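S.K.: If you're matching them up, the sequences are chains U and G in order. For my numbering, count along the first sequence from 1 and bump the result up by 12. For my numbering, count along the second sequence from 1 and bump the result up by 12.
No lab work stands behind these hints, which were simulated from the structure alone. Watch out, some of these pointers could steer you wrong.
Pairs count within a copy or across copies, as identical chains cannot be separated in the list.
To be verified - As a list, the in silico EDC-like pairs of lysine to aspartate or glutamate whose alpha-carbon atoms are at most 16 Å apart:
# : residue 1 : residue 2
1 : 238       : 192
2 : 215       : 184
3 : 209       : 237
4 : 63        : 184
5 : 167       : 298
Everything numeric in this text was worked out from a predicted model, so none of it was measured.
Protein chains: 2
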Amino acid sequence: MVDVVISGTVALDSIKTPFGEVKEVLGGSAVYSSVAANEFARAGIVSVIGKDFPKKYLNLLNTMGIDTQGIDVKKGDTFRWAGYYEYDMNQAHTLDTKLNVLSAFDPKLPDSYRQADYLFLGNTDPEVQMKVYRQMKKPRLVMMDTMNFWIENKKEALTKMIEKSDVIVVNDAEARQYFETPNLVQAGHSFLNMGPKAVIVKKGEHGALMFTDGACFSAPAFPLEKLVDPTGAGDSFAGGFIGWLARTGDISPRNMRKAIIFGSAIASFNAEDFSLNKLKSITRDDIFNRYMMFQDIVSF
Amino acid sequence: MVDVVISGTVALDSIKTPFGEVKEVLGGSAVYSSVAANEFARAGIVSVIGKDFPKKYLNLLNTMGIDTQGIDVKKGDTFRWAGYYEYDMNQAHTLDTKLNVLSAFDPKLPDSYRQADYLFLGNTDPEVQMKVYRQMKKPRLVMMDTMNFWIENKKEALTKMIEKSDVIVVNDAEARQYFETPNLVQAGHSFLNMGPKAVIVKKGEHGALMFTDGACFSAPAFPLEKLVDPTGAGDSFAGGFIGWLARTGDISPRNMRKAIIFGSAIASFNAEDFSLNKLKSITRDDIFNRYMMFQDIVSF
């Protein structure tokens, strides 16, 4: 049985940062999210790959205990992304995107996924997100991510998806863009008025904010002195978040605060190396230790 | 007796924001800092004004209990700043700066100031800061602010001043600029290596970081839904910080964390109205209530 269903991309990434360069490594939103969620609960991926997808990467995911039955294998090539980061690491610069099989992504959920209680709709076309959502029986918690492209080009479909979601995760620029306001607090409250019970605004090196009914939670980012590769930070954050909720079965705003810290802890590990190099080696103890460091960072 | 000596500017500000416009109102770094510090301890200003300075503003400061003996009245006009904020409020745009009497600012501390335990050197020419510092007997804690202009044009004098300081307050862009690194954690540690025991990095709407030996503290900004005028936010933050230290007589890193929250609370009130309109009406209870709200904002 799968606890958390995660839809999104499975990618072959080629990335250059001031600290190194990798070619065609395992990446994609569903990969980062599921590996992070899997620290706490059993995650199953919904995505699509091409015939060229390296077996070793599927094996790696399966060895970690991630369910890959929901990954459709199609004729053609796997989605590829190539990009680089400047010295400031704050923004990914895209060199090349090849959608390949992703352009005809028509998600089909295995029966074993449909009864899962937790659903994370990673950033894809909101119409694809809706297709995934509709195949689920009765999820307890639906969380979604999105990006500027869908706000600009598919706002209506996106709005429908937001209205069905319990938790929405966006970055600060997207929150401002959606409501055309510079004020994140206003944007957060406006999202709550659309239906979600919690709105999480990711701010990169500045941490994250969560708005719930009548309350605001502010989480710091972990103060890393050396970031190697920020790719997948937002996805591993979201995966760690929903994984913790699934593990504890507690979706109260109070437990969501803890979930944000666990997500931040996992995301900070992820940024310490390329691809899954760091995430695949950390233990539950490492995560709990970093959680405790977060407690010290904010206490006064 | 003065507890906290504060040097900096006393200004007549003309400001336009999306929420209103004011002309020739009381402002300046030393004014905002001293009003904030004065919530907790007796503050004395070191600055210079012209003969044109309105009596009512001096009366206001004195009525609040702020010592103005260290404000030199010179022939000529008072320092003036005119600026505006766009809708996003993140950056002040300068329309006009008239240094006037400030250009020949030669600080002379009244005897009653020299024995104070706490000194805050607001943002001015680092050589002027040094002159103020040298007139103090034996302050327990020296804190300083600066800005990009001095990093670019007087780095040597600035460096000498930093080496004499116990606490340095800078914004994130200045921290990055001084050490030419995008990484705030690295910049923070590099400042510590120069001598200060604490480095506070202001990040505006993202709060503040404090680096002390072996520890990092992250404070959120108060989630205001409506900012009216951010002018003086950094100065009132710093004033509230040093005021709390002076009131408690405790300069431990642990108490500095509380001081940062008090500074943030006062700065958040300040942004709710123009000039001192809000600060002059808040009570100690208001500040403590907001402090408690900060505790809720970060707890998990």
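S.K.: Could you place residue 167 and residue 298 in one of the four classes (within, between, both, neither) given a Cα distance threshold of 16 Å?
M.R.: neither (40 Å within a copy, 42 Å between copies)
S.K.: Is it within, between, both, or neither for residue 63 and residue 184, if the alpha carbons may be no more than 16 Å apart?
M.R.: neither (37 Å within a copy, 47 Å between copies)
S.K.: Within, between, both or neither: how does the pair residue 238, residue 192 come out at a Cα-Cα threshold of 16 Å?
M.R.: Intra 34 Å, inter 15 Å, cutoff 16 Å: inter-copy only.
S.K.: Is the C-alpha distance from residue 215 to residue 184 at most 16 Å within one copy, between copies, in both cases, or in neither?
M.R.: both (6 Å within a copy, 15 Å between copies)
S.K.: At most 16 Å between C-alpha atoms: does residue 209 with residue 237 qualify within a copy, between copies, both, or neither?
M.R.: neither (34 Å within a copy, 19 Å between copies)
Checked against the numbered hints above, the structure violates hints 3, 4, 5; every other hint is satisfied.
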